[in-house]
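Everything in the sequence shown is counted per my numbering, starting at 312 for the first residue and increasing by one.
Just to be clear, a hint being listed does not mean it is correct.
[What the hints assert, rightly or not] Straight-line C-alpha distance at most 20 Å; calculated DMTMM-like pairs for lysine to aspartate or glutamate:
(1) K522 x E488
(2) K522 x D446
(3) K522 x D497
(4) K522 x E558
(5) K522 x D495
(6) K522 x D540
Derived from the structure by calculation, the hints contain no laboratory data.
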Amino acid sequence: MSEPLVWLPFDPAELGEVPAGLRYEVVDPVDGDVPDSVGDVAFYVPPYRLGSEVADVLPRMSSLEVVQTLTAGVDNVRGAVPDGVTLCNGRGIHDTSTAELALTLTLASLRGVPDIVRAQQRHAWAGQWRTSLADRRVLLVGYGAIGRAVETRLTAFEASVTRVARTARDGVHALDELPALLPDADVVILVVPLTDETRDLVDAAFLARMKDGALLVNVARGSVVVTDDLVAALHTGRVTAALDVTEPEPLPGDHPLWDAPGVLVSPHVGGLSSAMWPRAHRVVGEQLRRYAAGEPLHNVMTGAY
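Produce the complete structure using the sequences and hints provided.
Shown next as structure tokens:
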């Protein structure tokens, strides 16, 4: 019996000690040709993309057993994974990078960095008092691995954190408690996965419950926020926002969100840092080692292994 075939989007040498008992091919089925070996693939690591195109090849993978994404969210592939195939997400790959950006967006917005940059471009010395992250009450909506990484950085800056997740547990509130929690939060940071429950979570009612002067930070998915409702809320001047993700994405050049007052937009770069690939290689290497040894996989999102 031949060894199971693995498709990787990077050189297997990057894994360090390459798990034995497997065959490896470096394939990007999105930007390159799809090899004839597609029907032999047992373990597929899609290239790092956020669109559904990474799943287009799945119907041709007749021997497929595992899909291991490099993304924390799997909303772009979940619906295309065949029954009986195990889907694993990239938990542990983006915790550091995304948490760093969440903190960066929060600090930049509170301390007025965009205004400082614009003043520099005008050669203007225009200092002003701004709000510190210290002593702020932060509502952290989403408390998985990335949420915990964000919390670690927030507490180092002397902020207090209230945790919210899809289901309540010790020290963590449930999503249905948000209406009561929002009025007390100075900063609301979204780190939830995109699901039916979280899609359009931040709508006009959510924004109306937010405290006057509160900051909304989104490093989750753009569809967690109703964009039109956010634009309207920004124009009232009641809230501000810092967004690494938008709906639609990429944001069209003529979209009103670009010019809305009090918003900082970054182009979905939460995972794009030097911290990503070493962690991706560690996560994928461990998953392949477990797969080759017949051990249960980590980060299973659907199916059974």
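Legend entry - Hints violated by the structure (listed by number, smallest first): Failing hint: just 4.
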